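Let the hints inform the model, and build the full structure from the sequences given.
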Amino acid sequence: MRKYSVFAVAREAMRGHKGWEPQWASPEPRKEYDVIIVGGGGHGLGAAYYLAKEHGITNVAVIEKGWLGGGNTGRNTTIIRSNYLYDESMDIYEHSLKLWEGLSQDLNYNVMYSPRGVMMLSHNVHDKQSFQRHVHANRLHGIDNEWLTPQQAKDYCPPLDISATARYPINGAALQRRGGTARHDAVAWGYARAASDRGVHIIQNCEVKGIRRGPDGAVTGVETSKGFIGARKIAVSASGHNSVIMAMADVKLPLHSVPLQALVSEPMKPIFPCVVMSNSVHAYISQSDKGELVIGAGTDQYNSYSQTGGLQIITHTLDAICELFPMFRRVKMMRQWGGITDNTPDRSAIQGVTPVQNLFVNCGWGTGGFKATPGSAHLFAHLIAKGEPHKLASGLTLDRFRTGRLIDEAAAAAVAH
Amino acid sequence: MSGANRIAGQGRLTPARTARFTFDGKTFDALEGDTVASALLANGVHLVGRSFKYHRPRGILSAGPEEPNALVDVSRDAARRQPNVRAPVQEVFDGMKVESQNRFPSLAFDIGGINNLMSPFFAAGFYYKTFMWPKAAWEKLYEPFIRKAAGLGVAPTEEDPDHYASRYAYCDVLVAGAGVAGLSAALAAAEAGARVILVDEQPEVGGALHYDLSVKIDGQNGYDWAQATAAKLKAMENVTVLTRTTAFGYYNHNFVGLVERVTDHLARPDRKLPRERLWQVRAKRVILATGSIERHMVFANNDRPGIMLASAARTYLNHFGVAVGRKVGVYTANDSAYEAAFDLKRAGVTVAAIVDNREKPGEGVLAEARKLGIEVLAGHSVVDTKGKLRVSSMSVARNGGGSARSIPIDALLMSAGWTPSVHLFSQSRGKVAYDAATGRFLPGTYAQDCLSVGSCNGTDGLQATIEEGLAAGELMARATGHEGGGKVELSGENAFEWTGGMAGSGEGAGVDTTVKAFVDFQNDVCAKDIRLAVREGMHSIEHIKRFTTNGMATDQGKLSNIHGLAIASEVLNREIPKIGLTTFRAPYTPVTFGALISHSRGDLFDPARKTPMHAWEEAHGAVFEDVGNWKRAWYYPRSGETMHDAVNRECRTVRSAAGVFDASTLGKIEVVGPDAAEFMNLMYTNGWDTLKPGRCRYGIMLREDGFIYDDGVVGRLSEDRFHVTTTTGGAPRVMHHMEDYLQTEFPHLKVWLTSTTEQWAVIAVQGPKAREILEPLVEGIDMSNEAFPHMSVREGKFCGVPTRLFRMSFTGEAGYEVNVPADYGEAVWEAIWARAEPLGACAYGTETMHVLRAEKGYIIVGQDTDGTVTPYDASLAWAVSKKKTDFVGIRGLKRPDLVKEGRKQLVGLLTKDPKVVLEEGAQIVADPNEPKPMTMLGHVTSSYWSENCGRSIAMALVAGGQARMGQTLYVPMPDRTIAVEVSDMVFVDKEGGRLNG
Amino acid sequence: MADHALRKAPLAGRHGGSAGARVTPAAPATRLSLRAGADALGALSAAFGLTLPTRPKTSASAGGRHALWLGPDEWLLIDENEADLMALAAGAGVLHSAVDVSHRNTAILVSGPHAAGAIASGCPLDLGNAIFPVGAAARTVLGKIEVVAFRPGEEDYRVECWRSFSPYAFGLLSEGAEDAGL
Amino acid sequence: MLLIYCPYCEEERSELEFRHGGDAHIARPTNIADISDAEFEDYFFLRDNPKGLIFERWRHIHGCGRFFNAARDTVSDKFYMSYKAGEPKPYIPGVSPASEKPLSENVGETYEATEGTAK
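Chains as they are written, first to last, in full-length UniProt numbering: chain L, 1 to 417; chain R, 1 to 997; chain W, 1 to 182; chain P, 1 to 119.
Calculated from the structure, these hints are not laboratory results. Remember, predicted model here, so these are calculated numbers, not experimental data. The beta carbon of each residue, even a glycine, is placed where N, CA and C say it ideally should be. Hints may be right or wrong, so weigh each one.
In silico contact screen, one side only, chain L against chain R (beta carbon under 8 Å); selected entries [stated by the list, open to error]: (1) V9; (2) W20; (3) H141; (4) I162; (5) S163; (6) R167; (7) G217; (8) A218; (9) G221; (10) I321; (11) V331; (12) Q336; (13) W337; (14) V353; (15) P389.
Listed below are the simulated DSS-like cross-link pairs for lysine-lysine, each with C-alpha atoms no more than 27 Å apart in a straight line [as the list claims (entries may be wrong)]: (16) L:K128 x R:K932; (17) R:K327 x R:K386; (18) R:K327 x L:K128; (19) R:K97 x R:K140; (20) R:K345 x R:K386; (21) R:K932 x L:K391; (22) P:K51 x R:K578.
So this is what it looks like as structure tokens:
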């Protein structure tokens, strides 16, 4: 693989960039693979990369219905953080954050991981109790997360309105300085390029239509729009469509898919230095390298596989954004869109074996999938290779819904009393 | 005169009515009705902006919202400043201040222009390949540089003083676009009697009639016909005509978002007027008459100021009376551009030549060109241009090579053909279909009740457009049950039918060339960038878009998408439909946040709920805290008191004398009906059959999964009537939860639920002197301990008004909760206060309430529990009926992980050093020296300084807590480790004798 | 015994709106949340002296007393003369649930040629004459709160909401009225 | 924003008045205290999450207050129909699986037999 570097770019500049080769190969599918990964998003492509890099398994195909990164990888607001509450969550998100920190160098692809800090605003006594619980838990787990006074919060994010007269005055904030953002497309492309370079087959525009199983019940391959492709192991990581794919193997999951909406403003000169989140008023905002304000909105209330949603979801979020940052009322929304998120009852992901032999699943990342990409992919690769979960992912298994061992990050945020 | 390039006798503006504005500090004259673009052009200004990446000088390309180059900063005053405004859309008003963007120090000399020289280095996607070493430099060095270079306009820095309005509206037929097609459709629908809303983004209706002078409808000049028709429609009571209004989003079930610009064109707007008005329209049927947008030609250096769309030049001449140049060239691939040349020529402008890359231009226009003596170079192309800040010449060559000839010009008009505006159609989730014959994407499969008419539907020809519009209007009216009115008929005539058109790169900009032939102007995407993307394996149009940023600028690809596709299809050698089209997303053009939130700001952002006693509390110095939507009195500091002092005083006073507390925000639900008790049995863990009328019980409600959902004291008023209380934040969801089970699981039960949260003002009076305070105010209730024991409820009168008086306590003291109809709350509170104060009682807030209940180990759901806690974890086993065979949560409670050893249980914590108050949320460990990640046993849920105990107290969820009584555990803080002892949760009056005090 | 406590309405002293749409707080009234099955309607109608409506979005009025259909077994009764509705219900002697909500709700009157427009600033109901004629009533939303909209007259609307939401409702209706009146 | 037909109000109203209630026709076991962990998991957690036809619950919470059911397509978000709580799962011609096609003309009976009481 041609190494990317400033020198390579300079050399190509001299000759009109004629020398660049495709970032990944687009081969015809083989008859059979050791592993077929269903879903060409960051998680799937990453898992393929780590299978090849760390487990020496290279007879692998990533099968994507549309185009690489066309699902939630390319539709999210790219927030990265690891300041979760429960051990199971901290384990996987911190593992992920550590990988983010070296990802550009590991992949030789600039994914623009930008640790500009993620600040979560506290608006009342209850928020404060909840966030400080996070701060303490994170500290003892070895994760950076600190409590800021309102003034410290404003110093870190000058556009913030910390006046006491605000409808929901800010009484502090939790800041994870290592949190930030990354370039979503680059994550998919970088993994695809590095995986392809290690022999992984990347097959786009290939829809999985069925999962074939042998007499012993174990999987034998997938029926696709390009015909049957054999596989010793099948790993499903098709966010937004996991229920549909898994149903092909008669596996029912505790998932419901709902549209999650987001929007960007017109590009403007740098004004917003970090990522700000406010759970109480439902606002998530940062500014992209192009200058757009990137704003995460909420989910629609009903199951849907359409990547669109209602205008009221957008306006509800902008209400909050303009309350926190009154100077943004004259800013313009340039584009809104939606992605399909697979949500579990406890809002934590599922990664593990399934009742079907040699069929593995990675799903239910809800609205948090992007930040988990490298960690999830890395641990998913371990699961696929070893047939059992890595200890950092051992809490995410499917059986918890039977035993009641839920990892309820949502409930832990509790409710106002 | 308002500008040297204004041609007397041309255009529709009134020379007398002038307005003054400044551009980059220089003052210019304009005519009323001018746009910023037309006014600048009238004054000979073409250089208006700089491009995003290369900072190339840019001029005015279009006369509409598709403008990618001429984006300016417009302000009325410091706080009313709007970046990224489209100069061809923004109308001039007297005194407006216009500034160019993305340049430093000046528009004419921009340091950023260096990027243009460096451009070979900045090829598409270059940043993915570099800036990776050294590791830290991306964040510290490269990224800040890139961010600063990007970003166009400067964000507003002051709060927007303007206000915005909103309106929900319904109609039978919504017509988007008031050109020939839209007006015809609206007219037919309106005449049939349908409720019609007609919207157009321009100040006046007419669409293409703004520039096309050759059109006659019913013998009338086209533009005049349009205005007359609009006037007629406005006069009809079943029609609403909205101009300066953009249909920006087409959502589910024919829900369409409109934004109406109300004051941005006014010099001195009435302060009452909203700046913009958001219309949320639900239409039974929608007619899309959104027209089409002219494409530019893709050739070397096609971006110099002075190079613009042919139809734009026509608009500036025929509507604004402005000649965009004195010696213009035309470069086209279709007939429509010829008419621009004709109009300019007739207006006295020199037309250097019409360069047509087709061998065979349309007969009609060719003949007319000859007649007017305009040189037509068929089969030729413009292969390059010159001119630093404005185009000065074009070099023209025969197709397929040959020497280029340079022709001096001061403006170049181009047209590659027309792109139907299928944006709204696509937003409606309709599927477009590619028409290979004309090289256009047209509405294919419809997903909602709408129809496209006119050029957005690929309909060419005036008469055909009129008839399609009329037919659609009539059809949609009929579909909504309106058949009135006679048949509307209109006849139109115009000079020429247009043929031709191309997509993709032209001569000299093809494969293997490295010239800058711009596809997306604003984002500086050239034909070669598209090809590079393909070379690097980006074969999906979405990949190409994201890799090159083609179509991602503020115009969202209105001009660039089709060219980008064509260039990709050429190198991939796959026909256009196989490569696909990027998704069209709302909004059609950018919409201000202000319009979208409209009224939701300040007091109307989110309702602040206040209790009937709020005014009294405010007057008595209460500090408030937000609990859900409620503002609750937190504590009542006296002069000089800190929060700590005040809370200590309040705590002391309640236990030594008494305290008065506003408990109105607690949720209340009245459960009424013969099966009320049975329903309560199913909703709560407790048993309710044995509860006698007049008595109360503390109840716990679970979710089906066995975790605590809510709690509260329930009073039984009679056999068939319960007064249920919930947590403050829980009230709405508990009501919903109960209704859910009642309606869908237990519909056989004869019981009804009514929320009475706000019917009652609730005043808690707690403490040894509580009864003494209340007794004189009560009528018809025997207050003696025997007649009215702890956990009872009585109905009677209080201060002469009906009351539900509860004998209950959340403090551990003898106490009462006085419920009176809300409007009496303040008066009753004052009456109680009048007796309480002299007896040494105080008013106390939620903080003191929290401390006092913690001293007794009473939990607060949502603070001491978090949705993962069972009644057993919370030491509330006594409240879970062992007899019942069913209640919500009964099965969830039995799941393996909910009954296993070592679950987190609620216990008390006492710090070894009684002066140390733990931090709520602090984590607890057994071994303070364990390296990270440490094993956390649980966390502190409640922690206070207890004045009554003279020490700190705390409650905590601790793994296996019940079995750890007396154990020493540790709370590691950043600066120190705090040793604590596990204890029970009752810190005051363990026997509970004071309750009956 | 103590003096009779004085009543203080949540919107006391407010006024707003425009010439085209006046926004004013309604006078105090007694209110009942009535729940009952079809079999009880006859007796209850007799008790209240008006026929409880059984069609969606309709109401019945008699002498300042209104019965608004809110749901298939739910009515909001309003008596502008403050009659004791609880007592009347008790007299019906049939199975039902009557809960006094006189103080839970408060009402805002919106009147004038642009009244509908004022309400449409935050209410997603179709208020067109054909869909929401005189006498129509429905529970719905206004901005971020729940309200009951009732149209007693051609240019008169009564907006009922819970008391703590009434300042919000009043503020939004006033802004809407100003805009609608322009 | 959806436009939802409420079978009790007998007209279409804005989604703003409604609260989604999850999957329809999932009856709470009458012997819930005695079911197995697996049965509880199936009842409370596992869902079809179909791409296409879904039967779901809605509550007209800011309208008539009633829960009701609706058949909707989760791709187009178009409603096929709404029906009152307790009514059997309807057969949507051309959409429902053929296996659910009513056997006799006497649709009601067939449903009572096959579906039991709907949620």
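Hinted pair, alpha-carbon criterion (27 Å max): L:K128, R:K932. Please report holds or violated. Holds - the C-alpha atoms of R:K932 and L:K128 are around 24 Å apart, at most 27 Å.
Would the hint linking R:K327 and L:K128 be met if the CA-CA limit is 27 Å? violated (69 Å)
Checking one constraint from the list: CA of R:K932 to CA of L:K391, max 27 Å. Satisfied? holds (16 Å)
Would the hint on L:V9 be counted as holding, given a Cβ-Cβ threshold of 8 Å to chain R? At about 5 Å, which falls below the 8 Å cut-off, the nearest Cβ of chain R leaves the hint on L:V9 intact, so it holds.
If you draw a straight line from the CA of P:K51 to the CA of R:K578, is it 27 Å or shorter? holds (25 Å)
Given L:Q336 as an interface hint, is its Cβ closer than 8 Å to any Cβ of chain R? Check passed: Cβ of L:Q336 comes within 5 Å of chain R, closer than 8 Å.
Given L:A218 was flagged as interface, is its beta-carbon under 8 Å from a beta-carbon of chain R? With Cβ-Cβ at 28 Å, over 8 Å, it is violated.
For the pair supplied as a hint, R:K345 and R:K386, is the alpha-carbon distance within the 27 Å limit? holds (23 Å)
Report holds or violated for the interface hint on L:S163, using the least CB-CB distance to chain R and a cut-off of 8 Å. L:S163 check fails; min Cβ-Cβ to chain R is 11 Å, beyond 8 Å.
Does L:H141 meet its interface restraint, that is, does its C-beta lie within less than 8 Å of any C-beta in chain R? Given a least distance of 4 Å, the restraint on L:H141 holds.
Please verify that hint: L:W20, Cβ, nearest Cβ of chain R, below 8 Å or not. With Cβ-Cβ at 5 Å, under 8 Å, it holds.
Hint check: 8 Å Cβ-Cβ cutoff, L:R167 to chain R: holds (5 Å)
When held up to the earlier numbered hints, the structure conflicts with 4, 5, 7, 8, 9, 14, 15, 18, 19 and fits the remainder.
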